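Chemist: One letter stands for each residue in the lines below.
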Amino acid sequence: MDYLINISILFSIYAILGLSLNLLVGYGGLLSISHAAFYGIGAYTTAILLTKTNFGFLSSVILGALLAGIISLLIGLVLSKFKGDYYALVSLGFNIIIFSIFLNWQSLTKGPFGIAGIPKPELLGVDFSDHFSFLILVLIFLALIYFISSFIVNSSFGRVLKAIREDEVAISVFGYNTFYFKLIIFIIAAMIASIAGSLYAVYISFIDPSSFQVTESVFILAIIILGGLANLRGSILGALFLIFLPELLRFIGFPLEIAAQMRQVIYGLILVLLMIYKPQGLIGEYKF
Amino acid sequence: MIILEIKNLIKKFEGIYAVNNLSLQFRKGQIIGIIGPNGSGKTTLINLLTGILEIDSGEVIINEGITISKIQPYQVSFFGLTRTFQNVRLFEQMSVLDNILVVLTERNIFASLFERHSEYHYKIAKDILQKVNLWEKRNQLALNLSYGQRKLLEIARALAMKAEIYFFDEPFAGLFAAMREVVFEIIQELKQNGKTIVLVEHDIGLIRNLCDYVFVMDEGKLLAEGKPEEVLEKREVIEAYLGE
Amino acid sequence: MNVIPQLILNSIIAGSIYSLIAISFSLIYNVTKFFNLAHGVLAIIGGYTVFYFAQILNWNIYIAITFGIVFAGFIGLILDKIIYLPLRRRKASNMILLVASLGIMTALQALLSILFTNEFRTLSRNINEQKIFQLLNGSLTQTQVIIIFVAILITIFIVLLLFKTQFGKAIRAISDDDEVAKIVGINTDKIISYVFFLGSAIAGIAGILMGFDIGIEPTMGLNLLLKGIVAVIIGGIGNVYGSVLGAFVLGFAENFSMWKIAGEWKDAVAFILLIIFLLFKPRGIMNK
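Protein chains in written order, with the numbering used here: chain R, 1 to 288; chain X, 289 to 532; chain Y, 533 to 820.
Please note that the accuracy of each hint is not assured.
Away from chain R, derived, C-beta distances all over 12 Å, residues of chain Y [said to hold, decoys possible]:
id, residue
1, 535
2, 566
3, 598
4, 650
5, 663
6, 681
7, 685
8, 785
9, 794
10, 797
11, 799
12, 806
13, 811
As a list, the in silico DSS-like pairs of lysine-lysine whose alpha-carbon atoms are at most 30 Å apart [as the list claims (entries may be wrong)]:
id, chain 1, residue 1, chain 2, residue 2
14, X, 300, X, 522
15, R, 287, Y, 565
16, X, 414, X, 450
17, R, 81, Y, 813
18, X, 300, R, 81
Rather than coming from a laboratory, the hints here were simulated on the basis of the structure.
For clarity, every value in this text was computed on a predicted model and none was experimentally measured.
All C-beta atoms, glycine included, are put in the ideal place defined by N, C-alpha and C.
Could you put together the complete structure from these sequences and hints?
Modeler: Quick look at the structure:
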């Protein structure tokens, strides 16, 4: 039972990541392969603040999101000069640059040794140190993020985003300064990813740079493409699949040591198969 | 009055003049045709005026008041201009209704974030879509429409802008008679409402029937201008077309 | 001050490896026009193949090397035939191809991890017994001398191939305009598959050389590839001389910046260079 709770926590965190990336890729049409960087910014901010200062969990979430917001603003400015596959390439470059910072700014992040002993959060007097109550906390966050994402995509802003995705030049002729729309959604997506990172840091209580490499960004991308781009429920579905499915493998006997790699082989293959056979994924409303 | 004037407009591509020192005046309330052989710069001109291509040099004067030499696409609607595209550029993976709604809603980012369903916009979209017989198809994706329906949707989208000047780039191309009628009527109705329409077309019959004034372009330059009957008789014009 | 000669030598060694990746990536990019992010892992596959045959099966080292090169080329060919070609046939966008290549990279990388673990493996059995050459106050190992020679040889080979053979002419025709190439009767699919074999084999050579020099581990493919891409962009896309030039510019920039900045930031330097070039000199040094 505890096992199920743990998987569900992971699922929820990845669902949040998926929702945020879907806003960017599925609705905005911006193929970003840098999401793990903002995930990491949230994780490290929370980890550092909770282990070295008196800041509480919620404050660390907010500060992490703010930091992610500022950094995504700068990165978003650079990315705005690129389109399509060049956008993807440059975003991947930024993932590597930020990973490099996690790895090498050792005085802050302890580099490859990582940060251990991250305490479980305590909010409003409630202690979330047992897994069940933590799951409730994460699910609340997931519901909140889902609500926000839904609010965004069902607004006029969401419709404009989709038009930008379809034909940016055409929609701009009709009076939209697309530069700002793209920048804002990039920042929003980054901030939400950071929140997921904060949750991850307190859940797993130890983080190191290896969780925030390009392969992680590719994993989140696989989640949303599998579930279906431009469909919020799709991101939930994709996370469900890609978190629970590999766990089934363990039941049929795959050794624990290669579990992580097996998951990687699976989602790598799934990505290829999706591109060839079903780029709109399970319930997607957009394919590129 | 001169609703739009172009002075010495120049656009070069790798040494070749697409628009070569062009000067034109568009009078308000007229249906103005721009004709000329392929490659004469007609579509380039529209692209320059709607900010899709950068002006190399020259000026654009709006409403005899505002002079600009650099145009950003998103400013164009503010100046009262809108357009359709020769190669139909719709928002493919969005519904017909959304294609119209998206040009009706808030331009400001923060306002658009908090704007949700609006009866007012919905009604406007409905009226326009009914005019082009696309209301029943409002939930279909644009990419699933027939060619003629796509062209009509583009025109509907332009109508939704309630602009002062409409640039229609070959709106009749590839349309059957029934749809041509619809477009014909729309253009005439616009004129009745005091709007200005600039029409790039190849169909000489249409030019004759619709336009009040015609510009003939060739190799980026103005070859001739005047009323359709006069212009279409001119020898240079006939030669330009035959020579291509 | 007497560190400079060694820095120069290190730059040349790095530039040599990068030029192999850059040339091979460039060859494939020019005929397919998409960023094949799986290219780097093919280099590592070459290295591991040699590792497997030479150290596990104890074959003759030269046979193992030949096998490694051919096998890498073969895998590249297969990937084209079963994944990229079908996608190209239905006019898949660059982004679809890029994402497919990400999936391939992820799956293959994980597969290598499963087969060989993430430990660094070196291909040379007697790493301390290598001959050292002294050159102008710096030193080179025998492997490193070989690296430089192979880079020169391959460069000459590719230049001759491209400009003195019919095959090369076909490649250049496809690179210019694949539609026109088809019209004049070139079997573009076949030529492209050969290019995949050739490019992947050269990547394999790079991986094998690295294996002898510093060793290989499954995840280094992406980094290596990105260095290659940086080199191609610096030098100018589409230009084989540019790829080589860019590779050495990168090699020198990396190593000399290490003089003043700590070594761990090497990767970040490369990507910052990439972004600077893409922003300010996107056509590279060689292209007008």
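Chemist: Against this structure, judge whether each hint is valid.
Modeler: Status of each hint after checking the structure:
1. 535: Per Cβ check, residue 535 of chain Y is outside 12 Å of chain R; nearest 21 Å; holds.
2. 566: Given a closest Cβ separation of 7 Å, the condition is violated.
3. 598: holds, 28 Å
4. 650: Label violated. Min Cβ-Cβ 9 Å, cutoff 12 Å.
5. 663: holds, 34 Å
6. 681: holds, 31 Å
7. 685: holds, 30 Å
8. 785: holds, 15 Å
9. 794: violated, 7 Å
10. 797: violated, 6 Å
11. 799: violated, 5 Å
12. 806: Given that some Cβ of chain R is not farther than 12 Å from that of residue 806 of chain Y, nearest at about 6 Å, it is violated.
13. 811: Its Cβ does come within 12 Å of chain R, the nearest being 6 Å, so this is violated.
14. X/300 x X/522: holds, 28 Å
15. R/287 x Y/565: holds, 20 Å
16. X/414 x X/450: Roughly 15 Å separates the two Cα atoms, so the pair holds.
17. R/81 x Y/813: holds, 13 Å
18. X/300 x R/81: Distance of about 23 Å is within 30 Å: holds.
In summary, the structure is inconsistent with hints 2, 4, 9, 10, 11, 12, 13 from the numbered list given earlier, while agreeing with the others.
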